[in-house]
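J.: Based on the provided sequences and hints, a complete structural model is requested.
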Amino acid sequence: MSTQLNIAQETAKPVPGSGFIGSTDDQDVLLEISNLSKNFGGLQAINDVSLNLRAGIITTLVGPNGAGKTTLFNMITGHIPPTEGNVHWQGESVIGKAPWKIARQGIARTFQDLRLFTHMTVEENILTVMEPGSWLWQPGGKSRKARRYDKVSQILERTGLTDKRHTRALDLAYAERKFLSLARIMATDSRLWLLDEPASGLDPNSYNLFLRLLREEVKEGITVCIIEHNLDIVVNISDRIAFLDQGKLLADGEPETILNDPALAAIYFGER
Amino acid sequence: MTAYILNLLVLISVYAILSTTLNFIIGYAGIFSLAHAVFFGIGGYTAALVAMNVTPEFFVAVPVAMGAAAVTSLLLALPALRVRGEYFVAASLGLQVLAVTLFSEWKSFTGGIGGVIGIPAVELFGYPVYKPWQFLLMSLICLATIIVITRTLVHTSFGRSLKALRDSESAALASGKNITVIKTLSVVLSSSLAAAAGALYAFYMSFINVESFMLDTSVLVMAMVIIGGTATILGPLLGAALLMLIPSALTYLSFLPQTEIGSIQQMVYGMAMVLLMIFRPGGIVSSHPGGSK
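Protein chains in written order, with full-length UniProt numbering: chain A, 1 to 272; chain B, 1 to 293.
There is no bait here: all hints are sound.
Some, not all, of what chain B presents toward chain A, calculated at C-beta under 10 Å:
1. Thr156
2. Phe158
3. Arg160
4. Ser161
5. Lys163
6. Leu165
7. Asp167
8. Leu173
9. Ala174
10. Lys177
11. Ile179
12. Val181
13. Ile182
Only some residues are given here: those of chain A computed to face chain B with a beta carbon under 7 Å:
14. Pro99
15. Arg104
16. Arg115
Sample of chain A residues lacking proximity to chain B, with all beta carbon distances greater than 12 Å (derived):
17. Ser23
18. Asp26
19. Thr83
20. Gly160
21. Ile267
22. Gly270
It is worth saying that the hints were derived from the structure and are not from the lab. Even for Gly, the Cβ is constructed at its ideal location relative to N, Cα and C.
T.: Shown next, in the form of structure tokens:
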């Protein structure tokens, strides 16, 4: 029996994807990646990738290790410049902009290695991403400050971190760190979330909470792009899948189309 | 004896200002500077120049000294914006070496190797402060003010931004933090407050020369911060007191050869640093012995 990605039928939960109903092709394009390439010396990490991230759905980037998924995130968020190509966010190019400017325009991201503010408390980790001013004070005075603290409490409640409010990030358990990473992104007003393997290593309860949170956020209008290796997660969460291999975009479409393609399965499982 | 103790206390408070201000960038922003003595020196020379040529009024000479250091500190902020960690240490070392050469050669400003002599007593609203206990009181008030300023800052959103970029610069950027502004402000603040210590030192000694602002001083102040405990309020104070008291304590040990006290002092510093890094890397005042932040 040839290997296929149609595990979907075996492991799918009753409501796969974010809960979005309809054709994802009809959704507005929020982020447009055009002919993006990145060379690291002789290595072509990304090769002429064009991809649209559509509003209000979860798009999953899949592909073997070294496919260029994180590099793509790094270029979208301005952490590394592309060799060629362009990225348009809501019609405006973000290429050449500093990462902090891109973040303030509404593109938030998490990191595979989390990169929490480890010596700060959970509360401080969340609070600091809600404080956009870099000078000695924040605009808005006491009322806005009170609103920020209220929002922190709500996020802590939703992510199950209320009891850890004053714990240093360094002292959290693994799943709690993952949720802090998610809490930090929830605290932003960003419209697009780029999540780099957010659910890897989560126990079943934490995983279910993660899925629930993500679906709630997408329902509220957040657009999500996830890098994920775990096919169970891919099947459960994706409204759309983009398949990358060796820096090239091989396919982009509805989950059923991608997951049932034997050629992509062969690449994914290294049988090519 | 009283004069000796008062002298020691004044010097401890001056160095405590230096260690507190260096701790602001080392402990909270993760910027390890080996050029702190440069701003100590700029503060000292500028205050001396103002006192001798304009007025010895505290509220004129000290702000001018702080302003001069703030402007000069942009030279330190530039490498801080581009490099981190050991690369920044090397860049700040370069600035320290450059400054020592300028302090030695720029005779019209610093008096060259001979230094500046005859700095008048500082005045507070026209009243000269020349008694040691008065000066001690003034320097303690300055220290307390600087502690309040830094403590307040680290508990504000600015302090959180500093700590965020210390813990992960890339995550801070991805959170919308303008690290150029944050780093520049932290370096400017730290340097200008260090200049206040330089001004106090110049007024207290009434004579300054390049010897007080060399790499040794930068290393000594960094040792005060690390031994005391980074990212704490008490740590740098304790570090300053300890490292200023050690030489005095050694002179009381009659069995030590008095001519070798300087070398013994260096050995004690070195040994203390090595032992602390092994057994208490967060410093003496550390709520987390594995590494205080």
